[in-house]
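Enquirer: In terms of this note's numbering, the numbers along the sequence shown are unbroken and rise by one, the last being 316.
Warning: the hint list may mix true and false statements.
Derived DSSO-like pairs: lysine-lysine, alpha-carbon spacing no greater than 30 Å straight-line [claimed, not checked]:
| id | residue 1 | residue 2 |
| --- | --- | --- |
| 1 | K70 | K55 |
| 2 | K213 | K180 |
| 3 | K228 | K137 |
| 4 | K302 | K315 |
| 5 | K180 | K157 |
| 6 | K276 | K315 |
| 7 | K90 | K213 |
| 8 | K236 | K210 |
| 9 | K231 | K90 |
| 10 | K193 | K210 |
| 11 | K210 | K180 |
| 12 | K180 | K90 |
| 13 | K193 | K180 |
| 14 | K276 | K236 |
| 15 | K228 | K186 |
| 16 | K137 | K210 |
| 17 | K161 | K208 |
| 18 | K149 | K236 |
| 19 | K90 | K302 |
| 20 | K286 | K302 |
| 21 | K70 | K186 |
| 22 | K243 | K178 |
| 23 | K161 | K180 |
| 24 | K193 | K137 |
| 25 | K70 | K228 |
| 26 | K149 | K210 |
| 27 | K161 | K149 |
| 28 | K178 | K315 |
| 29 | K55 | K210 |
| 30 | K243 | K286 |
| 31 | K208 | K286 |
| 32 | K70 | K178 |
| 33 | K186 | K210 |
| 34 | K178 | K157 |
| 35 | K137 | K302 |
| 36 | K178 | K161 |
| 37 | K149 | K178 |
| 38 | K208 | K228 |
Keep in mind that the hints were calculated from the coordinates and are not lab data.
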Amino acid sequence: MKELRPIDDTLFRTMAKGNIILVEHIVRLSLNRDDIKILSVNTQDDIHLFKDSHSVILDCLAVDSEGNLYNIEVQATNTGNLRKRARYISSAIDVKYTLEAGEKDYNKIKDQIVIFLMEDDIFDKGKQLYEFKRYDDQSKLSLDDGSRIIYINAKNKGRKELDNLMQSLISSDYKTMKDDVIKECAMYYKTSEIGEDEVCEAMREYAAKSFDSGMAKGVAKGKTEILLDFVNKGAITLDYAIENSGLPKEEFLSIAETLGYKL
Numbered sequence: 054m055k056e057l058r059p060i061d062d063t064l065f066r067t068m069a070k071g072n073i074i075l076v077e078h079i080v081r082l083s084l085n086r087d088d089i090k091i092l093s094v095n096t097q098d099d100i101h102l103f104k105d106s107h108s109v110i111l112d113c114l115a116v117d118s119e120g121n122l123y124n125i126e127v128q129a130t131n132t133g134n135l136r137k138r139a140r141y142i143s144s145a146i147d148v149k150y151t152l153e154a155g156e157k158d159y160n161k162i163k164d165q166i167v168i169f170l171m172e173d174d175i176f177d178k179g180k181q182l183y184e185f186k187r188y189d190d191q192s193k194l195s196l197d198d199g200s201r202i203i204y205i206n207a208k209n210k211g212r213k214e215l216d217n218l219m220q221s222l223i224s225s226d227y228k229t230m231k232d233d234v235i236k237e238c239a240m241y242y243k244t245s246e247i248g249e250d251e252v253c254e255a256m257r258e259y260a261a262k263s264f265d266s267g268m269a270k271g272v273a274k275g276k277t278e279i280l281l282d283f284v285n286k287g288a289i290t291l292d293y294a295i296e297n298s299g300l301p302k303e304e305f306l307s308i309a310e311t312l313g314y315k316l
């Protein structure tokens with residue numbers, strides 16, 4: 054628990070679960086708007102649209118008073134193609150949530166925004182926030198389809214409020230956090246017995262679900278490597294992985310080094 058940060062999957066999902074105030078705060082800061090009213094929050098929604106399609110587990114999906122959708126994803130490590138991942142997530146959300154079966158009026162599709170909160174700047178252009186919309190290359194005419202993808206990183210500075218938010222998300226010590234909303238929430242989960250139990254239970258559920266899923270799909274990975282993947286994603290702590298590997302600490306770390314994991 055001590056080394057977990059709000060930008061790590063398990064802690065973020067636990068903090069955001071049912072927490073409209075927290076999620077609304079993040080959405081407002083990300084879009085630099087104070088008029089957004091979040092009505093509902095769903096964490097760890099598993100979108101599996103078709104039998105043979107790749108499923109998506111959302112970190113947090115929120116709906117505002119206008120019916121617009123906001124997907125918040127935290128990314129502690131720069132792994133995988135986050136640009137293509139954002140596209141896939143956005144498409145999956147559209148298919149599952151924007152139109153009911155039999156509805157033919159596409160005007161009823163509400164706006165949908167995917168927000169990635171990241172530790173690193175994957176574009177390496179020195180900006181804190183990157184916002185992408187569809188438009189014509191030559192005339193710059195906006196398609197205005199209501200879809201946006203936003204990447205915000207902690208590496209670069211920008212608006213002070215966003216600076217404080219990102220600084221708090223990558224901090225493991227709640228006492229040093231500059232964003233009051235994040236700080237208060239993190240303090241609860243890091244210092245109260247009930248809060249710590251909730252995070253530990255979330256770790257167990259996430260690890261068990263993902264491990265069972267991986268085995269069912271015949272993924273050619275040993276238990277140790279799967280646990281190491283979870284550590285890299287911020288889903289579980291290193292201590293938790295070692296404890297549940299069934300191996301001595303020295304052997305676990307030796308395997309990690311052999312596999313090329315930097316812990």
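Enquirer: For every hint, state whether the structure bears it out.
Expert: Each hint tested on the structure:
1. K70 <-> K55: It holds: about 20 Å lies between the C-alpha atoms, which stays within 30 Å.
2. K213 <-> K180: holds, 14 Å
3. K228 <-> K137: violated, 36 Å
4. K302 <-> K315: holds, 15 Å
5. K180 <-> K157: Distance ~40 Å between K180 and K157 Cα, so the pair is violated.
6. K276 <-> K315: Holds, because 17 Å separates the two Cα atoms, which is no more than 30 Å.
7. K90 <-> K213: Since the Cα atoms of K90 and K213 sit roughly 22 Å apart, the hinted pair holds (cutoff 30 Å).
8. K236 <-> K210: Roughly 20 Å separates the two Cα atoms, so the pair holds.
9. K231 <-> K90: holds, 23 Å
10. K193 <-> K210: holds, 28 Å
11. K210 <-> K180: holds, 7 Å
12. K180 <-> K90: Holds: K180 and K90 sit about 27 Å apart, inside 30 Å.
13. K193 <-> K180: holds, 21 Å
14. K276 <-> K236: Violated, at about 34 Å.
15. K228 <-> K186: violated, 37 Å
16. K137 <-> K210: OK: K137 and K210 at ~25 Å, within 30 Å.
17. K161 <-> K208: Violated. K161 to K208 sits at ~38 Å, over the 30 Å cutoff.
18. K149 <-> K236: Roughly 33 Å separates the two Cα atoms, so the pair is violated.
19. K90 <-> K302: Answer violated: K90 to K302 is near 47 Å, above 30 Å.
20. K286 <-> K302: It holds: about 20 Å lies between the C-alpha atoms, which stays within 30 Å.
21. K70 <-> K186: This hinted pair holds, its Cα atoms lying about 29 Å apart.
22. K243 <-> K178: violated, 35 Å
23. K161 <-> K180: Given pair K161, K180 is violated - Cα atoms ~34 Å apart, limit 30 Å.
24. K193 <-> K137: Distance ~22 Å between K193 and K137 Cα, so the pair holds.
25. K70 <-> K228: holds, 22 Å
26. K149 <-> K210: Outside the cut-off at roughly 35 Å; violated.
27. K161 <-> K149: The given pair, whose Cα atoms are some 14 Å apart, holds under the 30 Å limit.
28. K178 <-> K315: holds, 26 Å
29. K55 <-> K210: holds, 26 Å
30. K243 <-> K286: Cα-Cα ~19 Å, so holds.
31. K208 <-> K286: holds, 18 Å
32. K70 <-> K178: violated, 33 Å
33. K186 <-> K210: With Cα atoms ~22 Å apart, K186 and K210 stay inside 30 Å; holds.
34. K178 <-> K157: Given pair K178, K157 is violated - Cα atoms ~41 Å apart, limit 30 Å.
35. K137 <-> K302: violated, 36 Å
36. K178 <-> K161: Not satisfied, since the Cα-Cα distance of roughly 36 Å exceeds 30 Å.
37. K149 <-> K178: Measuring from Cα to Cα gives roughly 34 Å; hence the hint is violated.
38. K208 <-> K228: holds, 20 Å
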